[in-house]
Amino acid sequence: MKKKTTVITLVALLLMILPLGKKSFAQTLKGRVRIDGSSTVFPITEAVAEEFGKKHPRVRVTVGVSGTGGGFKKFIAGETDINDASRPIKSIEVKKAEENNIDYIELPIAFDGISVVVNPKNTWVDYLTVAELKKVWEPGSPVKTWKDIRAEWPDQKIRLYGPGTDSGTFDYFTEVINGKSHASRSDFTKSEDDNVLVQGVSGDRASLGYFGFAYYSENKDKLKLVPIKHKKMPVSPSFKTINDGSYTPLSRPIFIYVSKKSVKRPEVSRFVTFYLENAGVLSKDVGYVPLQKSQYDEGLQKLKRTSK
Amino acid sequence: MRQSWRKQRETLFLWICRGVTFLAIFILGILLFHILKEGANWLSFEFLTRFPSRFPAKAGIKSALFGSVWIISMTAMISIPLGVATAFYLEEYAPKRRLFRFLQVNISNLAGMPSIVYGLLGLAIFVRFFNLDRSLWAGSLTLGLLILPVIIISSQESIRAVPDSIRDAAFALGARPWQVILGQLLPAALPGIMTGIILALSRAIGETAPLIMVGALSYVAFVPEAPGDPFTVLPLQIFNWAGRPQVDFHGIAAAGIIVLLIVLFMMNFIAVMIRQRFQRYKM
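Just so you know, the protein sequences line up as chains A and B, in that order. Reading the first sequence from the start, the letters are residues 1 to 308 in our numbering. Reading the second sequence from the start, the letters are residues 1 to 283 in our numbering.
Treat the hints with care, since some could be wrong.
[Stated by the list, open to error] Calculated cross-link-like contacts (lysine-lysine; reagent style DSSO-like; alpha-carbon spacing at most 27 Å):
1. LYS30(A) with LYS54(A)
2. LYS222(A) with LYS157(A)
3. LYS37(B) with LYS222(A)
4. LYS54(A) with LYS62(B)
5. LYS62(B) with LYS30(A)
6. LYS58(B) with LYS220(A)
7. LYS284(A) with LYS96(B)
Hints are computed from structural coordinates only; laboratory data are not their basis.
With the sequences and hints as input, model every part of the structure.
What follows is the structure, encoded as structure tokens:
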């Protein structure tokens, strides 16, 4: 009796799995495109790989997420064709790439804006200047209450939320605000998961936090955006202000790095061309801000020169 | 008076035990409820047959599901024979001297090692040195190493629990050690060994950190067809979705968790069936 049930279960399991194994039909372009790198760039690359896969089902595109630095290690070792990067390549990495004879091209593909946010119940913050942000976040900052930032603000405790030290957003924010990458006060709530930061800021009246723009635009009702004053007028991040470059200094381009050796393979050059042609639409789909069209054309020119 | 205090203490102890048990089940219940509530709407047959997508409504978990099944089967094939054979050697053959104690301490230590360390080891040895690239081989060999100590220790425990009378009786009838092991000890110890294997494989299927190190991917739009193919696994796909800004992705992350739980449940179910079948050998 028991034996019978076992057999029936096994057959049922097999039947469940079998129909999932259908194969796609043959197409002309074949091969592999190996991509790794930043989790910030991942959603865009995933979108491109998805669309590319519809056109060329025989090309196996794989995307990993080992972080910008981890991805560069593999890229420099020649283990990947393309690296997703949320920051430009560092000089140490350039040197190692030269040692390994890995030549590459750098292609910007979208903007990522860092948004500074407070709780919606916070009525007093109208904008923050870059100097004020620095005062709050610099190492050893004495700021404990809102009054410490600007004298007319209430004498209320301030609680800070920000990305963890492995994040590219943290790298960039500390570099442009505090003047040195990784220089930051450390007594704030950290998380590598920006959703946790959204939760934190939206549930805490005394909060001030910063994270990627996409996480703000998906949670507009739970957060209040803080305009940033750099030169003249305070500017809020939006698709428009990030795209035309008026939201400074907290917006940055994100990149893909393509190995010149790999570009010689038709599936890779086809994929990168497809990437640049469609990144404008696809980056917007997943919550990022596209570059100007001319910047994509520049990338395509660069690619063409390399392929020759 | 004294008697009743003794009784009261007994009742108190019983209620503390009950309370703790129910608290644990209650918390598990809340977690499951939350996951089911969030993920049930996203769960469908198409969810199992589609590849990842940037649109939550079109996203599926096929490549991760197949990747996990591949990884876990290969891990099992690598670690079970090695682990059980090692346990038999240590218990039945190895002289209980200094070397034995040295091995034993090391195996116990390895069982407590953080999994990321195995990931680094796997990257250095399997991916780079043996040049296995970022394949199912590299992933399952790494996970195989990771759960090997757990399998060895639990198998040893259950081999030790087989009464000596069985060994003595078999030897008295003139059986060779290998006949005693295969004919008597293995069937008798199998239920215990199976329990250890279930626990170890359940750990392996939920691991992410070591697999990221050896190069498990996040976007794979094809099903692995051979042990040399690249792959992704369920926990990695879930992790990726849970970190997205769009709320809908959190829903499909929950649906992914449900799939992972079902896979885990089926694995345990099959293992329990096998265990039950061999239970009759128990004296």
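Going through the hints against the structure:
A distance of roughly 13 Å separates the Cα atoms of LYS30(A) and LYS54(A); the hinted pair therefore holds under the 27 Å criterion. Proximity of LYS222(A) to LYS157(A) is assessed by CA-CA distance (about 20 Å); at most 27 Å being required, the pair is judged to hold. In summary, the hint linking LYS37(B) to LYS222(A) is supported, as the alpha carbons are separated by about 22 Å, within the 27 Å threshold. Proposed proximity of LYS54(A) and LYS62(B) is supported: the alpha carbons are some 16 Å apart, at most 27 Å.
Annotation: proposed proximity of LYS62(B) to LYS30(A) holds, straight-line Cα distance about 22 Å (limit 27 Å). With a C-alpha separation of about 24 Å, the suggested pairing of LYS58(B) with LYS220(A) holds against the 27 Å cut-off. With a CA separation close to 67 Å, the supplied pair LYS284(A) and LYS96(B) exceeds the 27 Å bound.
The structure does not agree with numbered hint 7 stated previously, though it agrees with all others.
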